[in-house]
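Full structure from sequences and hints, please.
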Amino acid sequence: WVNNFGHEGLGLLLDVLEKLLDKKQQENIDKKNQYKLIQCLKAFMNNKFGLQRILGDERSLLLLARAIDPKQPNMMTEIVKILSAICIVGEDNILDKLLGAISTAAERNNKERFSPIVEGLENHEALQLQVACMQFINALVTSPYELDFRIHLRNEFLRSGLKAMLPDLKEKENDELDIQLKVFDENKEDDLNELSHRFNDIRTEMEYPFEESQNHFACIDTAAENYLLSILQHFLLIRNDYYIRPQYYKIIEECVSQIVLHCSGMDPDFKYRQRLDVDFTHLIDSCVNKAKVEESEQKAAEFSKKFDEEFTARQEAQAELQKREEKIKELETEIQQLRIQGPGLSSSSGVPGPPPPPSMSSGGSSPPPPPPPPPLPGGALPPPPPPLPGTGGLPPPPPPLFGGPPPPPGIPPPLGVPLDLPFGMKQKKIYKPEVSMKRINWSKIEPKELSENCFWLKVKEDKFENPDLFAKLALNFATQI
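So that you can map any letter, position 64 of the sequence shown is 64 in UniProt numbering, and since no number is skipped, the others follow by simple counting.
Simulated from the structure, these hints should not be mistaken for laboratory data.
Model, not experiment: these values are computed from the prediction.
Honestly, I wouldn't trust all of these hints.
Calculated pairs, PhoX-like style, for lysine-lysine (alpha carbon to alpha carbon, straight line, at most 25 Å) [as the list claims (entries may be wrong)]: (1) K472 <-> K448; (2) K306 <-> K329; (3) K306 <-> K250; (4) K172 <-> K71; (5) K182 <-> K250; (6) K23 <-> K48; (7) K19 <-> K111; (8) K323 <-> K429.
Below, the structure written as structure tokens:
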């Protein structure tokens, strides 16, 4: 009889139920007839063929959702039991169809989609209705495979008034109701633990995130509070990915700005409850790829800058190495010259100094001075004796370099001897670069060639002394290896 009745009988039952639901003023007989029709549908779907027929008709779920009425507890109990069974044993996409039907039915009455189910829990006289409603809530919340969707549905029920009713429901002494409440709490705890692992074991209070700053929002204790709470709760469900999370917030900000900052001067359609027809997956992937490209370009610029710094340091090191090699060659040449001159200097070191010049006094000649003492070990010559009293003579010579022999030609005069500079000119500071510089074809200006109004008498080049300037000069004019 189910097969014979199912081809036409199901359609007739749904037609009659739809006409009764469309009546604006329903009498008691109409409500009784609705209840009888619900019982017929329950009996019809109590088998595999009947269940498939009901799920195959698009009107079935919508009419069952529209028939949910907390004022008729017996009929509502049967309806939520039917919907719970459909949610549990239905096909994979049955949850989306069921939620769509509940949302459409709620829009016709200008209510939140889960508010009729929560109102059924408020009827403390209908204990079976409360058990059936909690069973339906658990069926809806535990059906999704994704954690985010389960938390989304549970939070929506809690915002619709379930949170305030749970303490009163737990005080009732009923085994069936206690089982459903225990299932709800256990699933909630499991989802929160899974969510806390996502946030590095930081337990997040989902009842009201950002509770510490709730006083800063102007919509607290207003009709907009639940929507703000939903927005904040959904923010916590955004995947914590280095690239994807910023792109989610970027798209959310763009959507909010387009909704709020509309140019038409008209508010949007607040009754529109369907999902936005936007391929967010492709949009997010595009934003992620763009972010990766920007990061790669930034890294490339950093590597290029680092390469330039390393290359400059390498050139400076090569120039310093060449300078040290040239210095070594100069020292080796100087040592070789000293070795060549060494025998002559050592032989001349033992010859006594010349006798002092004759006395210029008129008193006649004085006896010659005693011969100088023998030379000290090491070949160093002692200074000659001072001239005799009353006699003229040359001043004593300066101490010899290198322990006795005079300095070879080409070596500058000893340090500390001031040069005779004209017109009160001070001696210029000598700058010695750290690297070997290229030789520039210029002529040195001798002090005797300077005039009184010469530029070099007035210039103060130490004011322009700057390490950066020296570094640039070394980089541009250093001798390459």
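Structure-based check of all given hints:
no. : hint          : in the structure
1   : K472 <-> K448 : violated (33 Å)
2   : K306 <-> K329 : violated (35 Å)
3   : K306 <-> K250 : violated (32 Å)
4   : K172 <-> K71  : holds (21 Å)
5   : K182 <-> K250 : violated (39 Å)
6   : K23 <-> K48   : violated (32 Å)
7   : K19 <-> K111  : holds (22 Å)
8   : K323 <-> K429 : holds (21 Å)
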